[in-house]
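Asker: Got chain A sorted already, so can you dock chain B onto it with the hints?
Respectively, the protein sequence lines represent chains A and B. If you count the first sequence from 1, you need to add 630 to reach the working numbering. If you count the second sequence from 1, you need to add 755 to reach the working numbering.
Because the hints were derived from the structure by calculation, they are not lab data. In this text, all values refer to a predicted model and were calculated from it rather than measured experimentally.
One-sided excerpt, in silico: chain A residues whose CB lies under 8 Å from chain B:
| # | residue |
| --- | --- |
| 1 | Met932 |
| 2 | Ala933 |
| 3 | Ala937 |
| 4 | Ile978 |
| 5 | Leu981 |
| 6 | Arg984 |
| 7 | Glu985 |
Glycine included, every Cβ here is placed at the ideal spot set by N, Cα and C.
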Amino acid sequence: MMEPYELTLAAASSAIAAGDLSSVELTESVIGQIERHEAKVCAFATLTLEQAREAARQADADIAGAGPRTPLHGIPLGIKDLCDTEGVLSTSSSRTREGRIGSADSAVTARLRGAGGVLLGQTHTHEFAYGVLTPTTHNPWDLSRTPGGSSGGNGAALAARMIMGAVGTDTGGSIRIPSSVNGMAGLKPTFGRVSRRGITPLSWSLDHAGPMARTVTDVALLLQALAGYDPSDPGTADVPVPHYADSLGGDLAGQTLAVPSNWFFDRIEPDVEAAFRSAVSALEAAGATIREVTLPLTETYMAVEYALFTAEASSYHQEALRTKADLFEPDVRALLEAGELVYATDYIRALRARELIKQGWREMFEMDGIDALLAPTLPATAVKTNDPVVHWPDGTDESAIDAYVRASAPGNLTGLPALSVPCGFDRQGLPIGMQIIGRPFDEPGVLRIGSVFEAATDFANRMPGLV
Amino acid sequence: MTTPRPTVTTEMLRSLAEHARLPMPDDRVETATGTLQAVQGAIDGLDAVDLEDTPPATTFDARWS
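Same shape as in the complex, but just chain A (with noise of 0.2 Å):
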């Protein structure tokens, strides 16, 4: 029989409905799952356990008298702790942050509380997002590789069951990696979807927050909680919110998705490549027209990005890096000072081009009448965490961080809503993961073309040996 703790959250939600769960049933059971897993797994920063416990008797209370409020009435829930949670320690997994209680939610966790979610803890990221590997934490497909970053802490818990959902964020991927790489779904919404208040930043302009979860439909559930304007966070845009849920299912017919011939197969590792083209051939099987495109000023990609998050990072953290430098991570603090050092010219170089790429895939959705673009997430699955670093059939290397970016930076620069899906696994058993990237605000178009997929295949229900 099925415990609670492998439901998806759709399913779990639906059974607390329906009155065959209780929300305390349910967070007793992924409970279970930390007490088993979190002392090899290490996803979280902080646990919020006899919070949660009481949240939970509370949801059940206020469903036994009016019905789940949301379809996120008492599911367990995680927030990567660069999200501040009121009355709890948020530290953004930095020591120059120890004993740091965050004095007010963030405004994704108040929205994941007032939707009646049960927030377990606060899940571990790579330092203040500025990272990839989350180093702190192991992957539950494979315990001596990393779990992704910067919301590793999400991937890693998600994968092994001890959440049924959370918030994370992404300015070059801290979504859609830790997604991939523990065989997850994650959504980067457009750019000005999801409000950033009360979320330490990493670079402004690049930042975005969104829904990490097991399924596209959980992820759909949960944006419907974390989406809409907040006029405290300047980068937010005021446009409706639709009914995610509803944008779920059916097939392609009349959808023209393309597949981009340039970038993101410049070096790719094989068994990625080839679940990518097969989940391509899926989606042409359910009826989308596939069109391969190029893209354009791909050479600006990662100058763009570097130009952007090191100036912004080091910008936020110039006062810390003169009086706590030592209590930095060494990759952290390296960044932290190259970025002191890039000229404003440059920077506004950047922001110039940006707005070029923004211009250019604009002109290549409507030329070629585009309704969505697909691409592998990454290049590589999960990396050796002693050995961050993608060794090419070529004989060349590349760190982690480059590799892993360069599939990612495109969402965040052109500001698009990114979705990835688990699309198969290596012949190492680690997950691969393919990204579904959308035209302004079309999330429920993203998502449509996700639930497809996920309904055609099965990668969303594999879970890792060690559950």
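Answerer: Just chain B, lined up with the frame of chain A:
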């Protein structure tokens, strides 16, 4: 931009850090030099782009609420 940027040296790194009022202990110089070289090498991918009159992608909003 057609003039290639010179390779970052440890001496150059020390001068740049001093001008930025950034303390740079001796044991940090080598790492910082390599990281700055990598970052600037990436940024120099912009050299080949003709930006013409393109404005920056900024989001200043003069409204008060």
